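With the hints as your guide, set chain B onto chain C.
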Amino acid sequence: MGFSGAAHAQQAILRGKITDAVNQEPLAGAAVELAGTSNGVSTGLNGEFRLYATPGSYTLKVHYLGYQDTTFSVSVATGETALLQLRLKSNSNHLSDVLVTGSLQGQARALNQQKNADNIKNIVAADQIGRFPDPNAAEALQRVPGVNIERDQGEGRYVLVRGLAPQFTNINVNGEQIPSPEADVRFVALDAIPSDQLASMEISKSLTPDMDGDAIGGSVNLITRTAQSGRPQISGSLAGGYNNLMDKPNVNGQLQFGQRFGANEKLGFLVNANYYQNKLGSDNWEYAPQDNELELRDYELTRTRTGLSSTIDYKFNPNHEVYVRGLYSRFTDREWRRRYVFVPEDEEIEKLTKDRFEEQSILSINAGAKHTFQRFFLNYEAQYSYGEQDTPYDNEVGFIAGLPATFGFPTPKYPQIDAENFTDNTQYELDEAEFGHTLAKDRNITAKLDLGIPYKLGDNSGLLKFGGKVRRKRKSYNITANKYEGRGGVPTLDAFAGSPVKDSFLGGRYNMGNPLDVTSFIQYFNANPAQFELNVEDKNIDEALEAFDAEENVYAGYGMVRQQMGPLMVLAGLRYEKTNVNYSSKDVIINAAGDLESIRPVEGSSNYDFLLPQLHLKYELNKFTNLRAAATYTYARPNFSELIPSQEINREDNLATVGNANLKPVSAFNLDVLAERYFGNVGVLSGGFFYKKLDDFIYRKMIFASPYPLVGEPIIDRIDIAQSQNGNQANLTGFEVAYQGNLTFLPGFLRNFSLYTNYTYTHSDAKIQSRSASSNNPNATESLRLPGQAKNVGNISLSYEGQKFTARASMNFNGEYLSEIGGVAEEDIYVKNRAQLDFSASYAFNSRFRLFTEFMNLTNQPFERYMGHKNLLIQREFYSWWSRIGVKFDL
Amino acid sequence: MKNIKFWALAGAFLYALSGCDDKDDNVVTPLMDVAYPQVLLLSDEGNGDLEDEDKFSFKITLADRVDPQGEELGGKVVPLEKDVTVQFQVTDMEGFSKLSDYVKDWTAFYEIDDCTTSEDQNINLNLTFDPATGIGSVRFPAGVEEIEVEFETDEDLFDDDTFNAESRGLVLKLVGLNANGQNVVANTTNAFEYKVLDDEGVYGEWEVGVDDATEFQNFKNLFGLINEDIKHLDADEVEEITLSFEYGEWKAEVKLKETEMVEECGEVEEENKVIEIEAEFEELEDDKLEGDLEFAESIEQEDGSEIDFAYAGSFKVQGKRLTLTLKGEYDDAETSAITLHLKK
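Line by line, the protein sequences give chains C and B.
For the first sequence, the working numbering begins at 1 and goes up steadily by one.
For the second sequence, the working numbering begins at 892 and goes up steadily by one.
Here chain C stands alone, though its shape is the one from the complex:
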């Protein structure tokens, strides 16, 4: 049993594509093996496979959930590549009424890929995304076991995998990380990416050595679409909808064209464009117990999502292809925020309106090639990606009235406000006007190479894989902030009053009066600039504190081996990643009198590297059942807001808030065990356990009475320093169970129902510096749960899928989680449980046209936060329900 001889023995290649016999849709994730050997692979997203073999005659077995197991005879000679076009028939004859078409085909594709994957991952296909009323990538991901999301204005935005905050999950497009348009973080707001752009989403919960190692929670890969056949494929949708809270319409549409050209369909071209405009809003109250302040907030928003993606690929021959994939997404958010702030202690009421426009855009272009040679394969790719958040205007104007106000909470759910004439705009005088704009940029240039060498060890096939990657990142943030106060002469608020945007606020409980119209105010400001005074000091402080420039270069290499030994697959390898970082920002020093003393440039840099061993085991008990285990080492880089050396040295408060350029990433050991049982009628039951041990956990530490700076010549002898630091440890354990399947065992009409459900339990324990620590006991520690970690997360969805009519009710449950760590435990802020009920239905007129409708948040579930104790609610935000109705077509 010699390794080298066996490797040289493989001198022929089987290349093929597996499609549905009826509609020629590619079947991704199909298991292909040479009968009587352990030599097998699974098909990729385009249904294609590549199998190295010794020359000879074989029986090729193909297994695909929902389809009949099929065998094909094939012969291949030395140095030859055998080309195979294999078509499978669905199980429709065996499964009686279950026809594997339409949405079920998408589910089958996802489950087959999931089943045959080497690592623990969940895959959601586009068809499956379309079954839920999820307009953006974040909301589509919330249906996956172990995933919960953070929302903004009722729409999903950030993804949390297995109870870890968003910075512990990396976001990829077509296998490569994309930059975050936001200034101070790495993670990507996925509401910027329309779900219509995606062919599928992969959520890897255990990493293999050929993946970036900077993901502890998981790695999300969003895959765009590729042309599949020589027949022109034109599909799309057009829909309109209604938002009940705002009494306003929404509209969306999508159009896709894809075709392969040429006699041998060598050239593929696909373009997909979509647009979604949503007019939404929220009614919100917020309470700040420490300051005894209460706010009523009335939001009005217009959001748009525009997506454009395209793939051009060219196959020179079955063994060599090149491709270019591009994705552009643009998310815009015009927001008007109108609010009252009641401050009983000062006998003041503030009335403010904010008018802001924000545009997030992401551009990702991947160009690469795949080459299959007789003894190895070689893939390489270059990527340019750019994220930008441009806020061309962010204007907020505040007026203030010297009016007495009191409030109380007869029930925790709604405050009772006693403030006479607080809507009388003649009582309000100008307090402050803020006008600003910001621009955050993040650019990645990446190049990578993967080399695979198949070999044979006795009767067992294996694969050696090596690769490397370089990524150069440049991130910057610039801000303009102008704060104006009146010099006198500015009229009272009634001169700038607009009209209410809603008939009632919070169910008619409060009268918001006529809001301040920012545009009207700015017209006055521009006509009378001499009545206003710019606060130059505040402007200098704000702009210096937040702006930064950063460079981050990552160099990575890996080696891994994948060995099949009968039913056991072993994948083991090592990944090395080295990161060089440089940051520049500014120190802002406030003197003891509270005035700006100086602003000085500062620079920071650090280098770190990780050696990440990975081990994956997969044991096929039978063709429907897998046992999996993985032990992996990963890490997560700190957020830029923690790293950049931007700092405020406030000698008046004796507090320095300091960035830490030397902050190390959080490193983690991850253990995963999973059992999965797939069903021939396209379903799965799975259950697993996971454990993560996080070292160098980042937390905010207070260093009492320290010289400043912490290194070098002190300019201040004694000051308290707040800084993100490494040092403490956290443990996270949990389990997840999931079931999805067609209830074909039920009698009659009920057999058309299917169930999709999952549940994840997570527990965490993180040690941080005790909030009671002081200069006398600075090393005191305490335990708490990780911020963002929800104990209970789950989904349940029941659907009816007839030949023409489908209907689905879906509920997503996000358990409560710690949102912000307070100064003391009683000030910790939690986000409460939230369960959202959605409904969707469709009717197929024929195979080309389908009418669909969707209703979201049917029970008007609010976003709620509490402080310390569940009875102390500090925020309740309501969105009401919204809907869409439209037509989908596939010509």
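A portion of the hints provided could be inaccurate.
To be verified - Below, simulated DSS-like cross-link-like pairs (lysine-lysine); rule was C-alpha separation at most 27 Å, straight line: (1) B:Lys1064 - C:Lys483; (2) C:Lys804 - C:Lys767; (3) B:Lys914 - C:Lys248; (4) B:Lys1142 - B:Lys1211; (5) C:Lys441 - B:Lys914.
Worth flagging that the hints you see were computed from the coordinates, not collected in a lab.
Note that the structure is predicted; figures quoted are calculated from it, not measured.
Relative to the frame of chain C, chain B by itself:
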């Protein structure tokens, strides 16, 4: 050709959709940065002098803006590049009806340095003033941060021997500007109030009897709270102690016997050393001979921080004598109510 049309159509469609983001819907861009104009405004909200004063003045200044060099973090005056002409007007008069009865002459100048004004160099600011209408104009030259307009007044018009409870004075505003093509505007909203202070009331300078050991000790007990030099004063060291009640401001001045040589504009003179305390009035019932008052200020500490002090109490004027009862607070310390007896 078909492809070009398709892409042109698709591009136009996407561009049209981008207009639905409401980005420009009802948006007005505020004047910011260089678009925000220079502002000329009155330097002070007001001033006042005793009734026998023979002049008063007001200043017109440029507002601070962001230092283009980034050196002055709190902002700085950036002078104009060309001359402008500012119009002003006396808008209200109290205690008299004819402006020409009070205002006799006028002049305008600016400081070139601490010892030289534009008048010294015969620079004409083209000041015009019509006492009949109260309207005037003055040139605000390029390169200058602030100008001062001074009026010569009739010192006898208000000078009497009786206490006047009614206000006397005038109000002045900027009313227009010839910007000479520059991005500069005038603040026409704010007013400058000039007030004639009655020296039969609380205003003026009052003397503490240094020779009276009780009065001197009371003075030390009261103001030693905030000033270590006063706390440790010896009567033998003191030449004179005066308390002044001025427009919006209270001042204590301890003139020591010890002298020092002071150079001012090239001339060296021997002057007494002085300990000064100044504060702003929070309250002063100046329309009465007997009433309440409060004044406060902050004192810079060695580490640069500031701590507030405040004195509150009452006053009573009887002819040339003032009885002042005050209680002081500073940091966490305070005095008892202490009465001083002062004379003019």
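So, going through the hints one by one against the coordinates:
no., hint, in the structure
1, B:Lys1064 - C:Lys483, "holds, 26 Å"
2, C:Lys804 - C:Lys767, "violated, 55 Å"
3, B:Lys914 - C:Lys248, "holds, 18 Å"
4, B:Lys1142 - B:Lys1211, "holds, 19 Å"
5, C:Lys441 - B:Lys914, "holds, 20 Å"
Of the numbered hints given earlier, the model fails hint 2 alone.
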